[in-house]
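Engineer: Take a look at the letters that make up each chain.
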Amino acid sequence: MTDGIKIELVTPSEMLFNEYADMVIIPGSEGFFGVLPRHAATLANLQRGKIDIYNNGSITRRFFIDGGVADVLPERVIILAERAVDLDEISIQKLEAEAVNATSTETSFVNAVKEAI
Amino acid sequence: MANLKDLKTRINSVKSTQKITSAMKMVAAAKLRRAQEAAEAGRPYSIRMQQVISGLAANASKTNSPELLVGRKEVKKHLLIVISADKGLCGGFNGTIARQARSEIKRLEDEGKSVLVFMVGKKAADNLGREISKRTFDRVENVQGSNVNYNEVQSIAEKILTSFEQSQFDQVSMIYNQFVNAITQNVVVTPLIPAHVEDDVEKDTINYDYEPEENELLQSLLPRNLTTQIFSALLESSAAELAARMTAMDNATRNAGDMIDSLTLVYNRTRQANITKELIEIISGAEAL
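If you read the sequences in order, they're chains A and B.
For the first sequence, our numbering gives the first residue as 2, with consecutive numbering after it.
For the second sequence, our numbering gives the first residue as 16, with consecutive numbering after it.
Careful: at least some of the hints might be erroneous.
[Claimed, not checked] To give an idea of the chain B side of the interface with chain A (calculated C-beta under 7 angstroms), a few residues:
{"hint": "1", "residue": "Glu52"}
{"hint": "2", "residue": "Ala56"}
{"hint": "3", "residue": "Pro59"}
{"hint": "4", "residue": "Tyr60"}
{"hint": "5", "residue": "Met64"}
{"hint": "6", "residue": "Val67"}
{"hint": "7", "residue": "Tyr165"}
{"hint": "8", "residue": "Tyr223"}
{"hint": "9", "residue": "Asp224"}
{"hint": "10", "residue": "Tyr225"}
{"hint": "11", "residue": "Leu232"}
{"hint": "12", "residue": "Ser235"}
{"hint": "13", "residue": "Pro238"}
{"hint": "14", "residue": "Tyr282"}
[As the list claims (entries may be wrong)] Chain A regions said to be covered by chain B (calculated; three or more residues, Cβ under 8 angstroms):
{"hint": "15", "stretch": "26 to 35"}
{"hint": "16", "stretch": "43 to 51"}
{"hint": "17", "stretch": "56 to 64"}
{"hint": "18", "stretch": "108 to 118"}
None of these hints come from the bench; they were simulated from the model.
Each residue gets a CB set at the ideal place from its N, CA and C atoms; glycine is no exception.
Taking the hints into account, I'd like the entire structure generated from these sequences.
Structural biologist: Here it is in structure tokens:
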């Protein structure tokens, strides 16, 4: 899969995703943008939103981040997010359990994630 | 000569100490694995963040860059963040941090700066005691180990940032124990404000597009970087603390074992001597008849 682009999604506590893919859609602070291999080098601020990872024309993985920064180079993308969840793994119950002793920003993030699922 | 009962009590007490130290060693070892994983999992984020900042810094114009990146022109007050453990019994862990902090304070004051100290963790504060009472900026406890929490660190970082903007200090650095492996910890001093920038970035050659503008991007990234640095330092320090405790408790267990051996030897010799003495008494008593 060397013809893809390497995508890393990192949070302070773990590396959520580190694989090659065909394309990724990132929620930039000035609008969503897609990154394909050989994308121009870009540093972008990200807003809260969904990250879609595409392989063979369809979405294979979905994540939700609470803002961050993306460092895009022609051969790889690094997405740094303070909070991120894997939308295919997270369950609503688990989110609600987390929301019990959450601060207001966390609660609003949890609600946004719920909508995205 | 020590009597048998005293020796027995002594041996038993050392034995129970040994039990405690070996239990502590086990607990530390079990926790260490988790803490080590957390510290290692946190590294990519802080390393990447560092790279991004360094890349931006290399390209940023020196004149109107944010103070968080290039620092203030006149540095009078320095904030030193000292990260130690909340608990003792971990060998030289807290002692080294305290010693290092003391020499750092001295160095900064020799440069004519006044120093404020932000204590994270209970032990170094106890250790530095009166020396820092006048210099204390703030103290937090219970933010380590399984309590390391990004949100909490964020509020700490925010507090530091607001105080920086109010010019309570012009420079910030941090002392903590970096986890290397189970038997080695490194005391490191990292500058936080102005941000630490690696010199060997080849990113000057890459022409980055910025979204939004470079300075705006820096404005939002630098505070985040501060949080990240403190967060990863806490993770490192927690892992290092457990590693130090594990080694210390391992040594203590071994020393207790040695002590039990030598006490048992004395005990047995004394017992033997007593028996011999009694025998002699009986024999000489029988002969006298």
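Engineer: With reference to the structure, classify each hint as holding or not holding.
Structural biologist: Results for each hint:
no.	hint	in the structure
1	Glu52	violated, 9 angstroms
2	Ala56	holds, 5 angstroms
3	Pro59	holds, 5 angstroms
4	Tyr60	holds, 5 angstroms
5	Met64	holds, 6 angstroms
6	Val67	holds, 5 angstroms
7	Tyr165	holds, 5 angstroms
8	Tyr223	holds, 5 angstroms
9	Asp224	holds, 4 angstroms
10	Tyr225	holds, 5 angstroms
11	Leu232	holds, 6 angstroms
12	Ser235	holds, 6 angstroms
13	Pro238	violated, 11 angstroms
14	Tyr282	violated, 53 angstroms
15	26 to 35	holds (count 3)
16	43 to 51	holds (count 4)
17	56 to 64	violated (count 0)
18	108 to 118	violated (count 0)
Comparing the model with each numbered hint stated earlier shows that hints 1, 13, 14, 17 and 18 do not hold.
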